[in-house]
Each structure stands twice: as C-alpha cells, then as structure tokens.
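Protein chains in written order, with the working numbering: chain A, 1 to 112; chain B, 1001 to 1113.
Worth flagging that the hints you see were computed from the coordinates, not collected in a lab.
It cannot be assumed that every hint is accurate.
Looking from chain B toward chain A, a few residues come up when the C-beta cut is under 8 Å (computed) [what the hints assert, rightly or not]:
{"hint": "1", "residue": "THR1031"}
{"hint": "2", "residue": "ASP1056"}
{"hint": "3", "residue": "PHE1065"}
{"hint": "4", "residue": "GLN1099"}
{"hint": "5", "residue": "GLY1105"}
Treat the numbers as computed from the prediction; the structure is a model and nothing was measured.
Ideal Cβ positions, reconstructed from N, Cα and C, are used throughout, including at glycine.
Here are the chains, one letter per residue:
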Amino acid sequence: GEDVEQSLFLSVREGDSSVINCTYTDSSSTYLYWYKQEPGAGLQLLTYIFSNMDMKQDQRLTVLLNKKDKHLSLRIADTQTGDSAIYFCAEGLSGNTGKLIFGQGTTLQVKP
Amino acid sequence: EAGVAQSPRYKIIEKRQSVAFWCNPISGHATLYWYQQILGQGPKLLIQFQNNGVVDDSQLPKDRFSAERLKGVDSTLKIQPAKLEDSAVYLCASSLDRQETQYFGPGTRLLVL
Chain A
1 GEDVEQSLFL SVREGDSSVI NCTYTDSSST YLYWYKQEPG AGLQLLTYIF SNMDMKQDQR
61 LTVLLNKKDK HLSLRIADTQ TGDSAIYFCA EGLSGNTGKL IFGQGTTLQV KP
Chain B
1001 EAGVAQSPRY KIIEKRQSVA FWCNPISGHA TLYWYQQILG QGPKLLIQFQ NNGVVDDSQL
1061 PKDRFSAERL KGVDSTLKIQ PAKLEDSAVY LCASSLDRQE TQYFGPGTRL LVL
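Next up, chain B with everything else stripped away, as it sits in the complex (with noise of 0.2 Å):
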C-alpha cells in the first residue's frame, strides 16, 4: 500500500512570496491533515479535513494560509505571503476515519529568507 506523498519536499522562497504544498493521502482514507512542525517542537495541527470538508481550522493563520481538498482526495496548502516564521516542515496525514490512525507523509521543508 501506497504511503502519503508530499511535494515538493524541500522550498526556499523570499518573505512576501507564495509557496504550495501538495499532498496525495492513503487510497481510501477519508480524513486528511496538515501539520506545521517547527525546528525542536512537535507537530501542530494547522487543518483538517472529512472527505472535502473542513473539520478544525482553528490553528490556521487564515489571513496568510489557506487550503483545500477537491473531490476529497488531494490536498493542497497555501501561504500568501510568507513571514519568515512560516519556516518549518509542513507534515500531511491522513487516517481511514476520525479517530482512526494517522499516517504521515515525508514533509515539505519550507525555508523563507
């Protein structure tokens, strides 16, 4: 079974630009979450989506971040612009269901100088 893809996996960008993230879940995993690690802390849940819902988007910074999930399937992230502090591995994962298991992709190292 295939695992959570995640691209790009590493990006460097000057503060005020946008940036992407793009993540494929497991086949048939219905609930998707992204994450923002930053260096020397544990992941925080940024969103997370049931099917092509939003279920928690409590911690996005919704002036700068944004996100969807089309069909409920792929997922994409984006920030718009970025701040320095917006330096951190962006985590996706996703579970068959709520309260389920959670796998997690490699992560998108993002890097704003």
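Chain A with its partners taken away, still in its complex shape (with noise of 0.2 Å):
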C-alpha cells in the first residue's frame, strides 16, 4: 500500500541549513508536496515538485527528487527561528482523485 515517512525531529541553529527528508512508495506519484504546520494552525503549502522534475528552487527552499530511490528533501537555507515548526511530506497519488498521503512530520526545532 501506499506509505510515506519522515525522521521524526531536526535541530539546528539559527542560520544554519535544515534538511528534511521523506521516501515514499508509490512509484506512479505525480506531484510530491511539502506543507508546514505551526502550533494551533492548519497545514500552509510551502513548495511543491512534479514527478518527472529532479529540483526545484524556491527562495530559501531547495526541494530534491530521487525518484529512483523514493526520496525527497526539502533544504531550508538561513534557517530562522520562525521556521521552527512541524513540516509534512505528502505524495499525490495518480489517478481519479489526487488523493494525498502524508508522512508522519518532521518537527524543526531552531536554536537562536
């Protein structure tokens, strides 16, 4: 079945780079997600990438494809301390519907 998982905890210090990263099984995926979610609020879209694309830069964000080996990143350069959140992979699965599988999260801890 489909499943995605993250590494549970990321600490790092203000202005460092943060790496997040994600595998996925479902090789037919189309679009692979990112969304971050802060204390007390839904989940914010923050990039995305089409499957058949190996990178894609963002200001600060870097996402990464391997989609031979089903991983995905997402960098995070001059890591703030308003960064420091829980960050949601999800893979968009073909077919009718577009239904999303989101991974466990990732919380980003930034130490000033």
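Can you join these two chains into the complex? Each is in its own frame, and there are hints to help.
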C-alpha cells in the first residue's frame, strides 16, 4: 500500500541549513508536496515538485527528488527561528482522485 | 482571496454525544476534502467530494461518521456517537479540481472525554 516515511525530529542553529528527508512507496505519484504546520494552525503549502523533475528552488527552499530511490528532501537555507514548525511530506497519487498520502511529520527546532 | 474557513475551532464533548463541523472552501473550488489528524500523525483522508458528489469515502467510518456537501459549496462532517479515539484535529481542504494543489483550513480541534 501507499506509505510515506519521515524522520521525526531535527534540531539546527539559526543561520544553518536544514534538510528534511522523506521516502515514499508509490512510484506512480504525480506531485510531491511539502506543507508546514505551526502550533494550533492548519497546513500551509510551502512548495511542490512534479514527479518528472529532479530539483526545484523557491527562495530559501530547495526540493530534491530522487525518483529511482523514491526519496524527497527539503532544504531550508539560512534557517530562522520562525521556521520552527512541523513539516509534512505528501505524495499525490495518480488516478482519478488526487488523494494525498502524508508522512507523520518532522518537527524542526531552530535554536537561537 | 479568502482561504478555507472552518468552524468551530475547538469542541469538547463527552463520548456518545454527537458533533458537527462546518467547512467553507475557497470560492470556485470544485473539490473538497475532510482529513483527520490524530496527535503526532499526518493527516489521513476521510472523504473527498467533487462538487456535491462523493469521490472517495473508503476511509470514513460510516457507522458513526457522515458528511455532505449540499449545492457543491459548503460541507458538514458529523460524528454520532463520538468515541474517545475520535479526539483529533479535523482539517478541511479544497482544490480547483482533482489533482490540483490542496489548500487547508485552520482545522477543528475535537476532544472527546
């Protein structure tokens, strides 16, 4: 069945780069997404990558996709304390529904 | 552009009671989703609507959960009767169409005592 796995916790110093990793199982996924969730809030779309791309850069965010290994990563450059949140990786399944399968989330802690 | 609206934001009920959540999607979005997010987990899809028709409700516990999207706009999700394990955040999301980017509301936090 479909499954998305993430590491649970990452701690970095302010100004460093953060790299959050994700693996998925469904090779037919269309898009892969990164969402951010701050305490008590809903999910905010950060960025996404189409499954036939290898890399996408959006300001401080860089997404890398290794389709062969079914591995997705999100790099945040110059991490700030405001980046502290839970980050969810999600794969969009092919087919009629556009259903998203989410990982369990990675808590990013940014220390001053 | 207004985002996805949900109410109430918080709800505390006792087990075996009933509860209802409301969602207003982004204007013009044909597809509406309800997700359940249990503490420490990622969201899990409960039901997906395309306009006012159900596309996927395979993960919806139909003995106690029901949802409708009358007129293809607003939607309500109901739980009756609630169990302790229903304590979670219920997230509504919408997209222009299937396979389009999903935008999430702030969620309703349910605590069942």
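Status of the GLN1099 of chain B interface restraint (C-beta, 8 Å, chain A)
At 4 Å from the nearest chain A Cβ, GLN1099 of chain B passes the 8 Å test, so the hint holds.
Quick check on GLY1105 of chain B please, does its C-beta sit within 8 Å of some C-beta on chain A?
Hint holds; GLY1105 of chain B Cβ to chain A Cβ min 5 Å, cut 8 Å.
Minimum Cβ distance from ASP1056 of chain B to chain A below 8 Å?
Holds, because the Cβ-Cβ distance from ASP1056 of chain B to chain A comes to roughly 5 Å (cut-off 8 Å).
Answer holds if the nearest beta-carbon of chain A is closer than 8 Å to that of PHE1065 of chain B; otherwise answer violated.
Given a least distance of 17 Å, the restraint on PHE1065 of chain B is violated.
Could you check if THR1031 of chain B really has its C-beta closer than 8 Å to a C-beta on chain A?
holds, 7 Å
In summary, the one numbered hint that this structure violates is 3.
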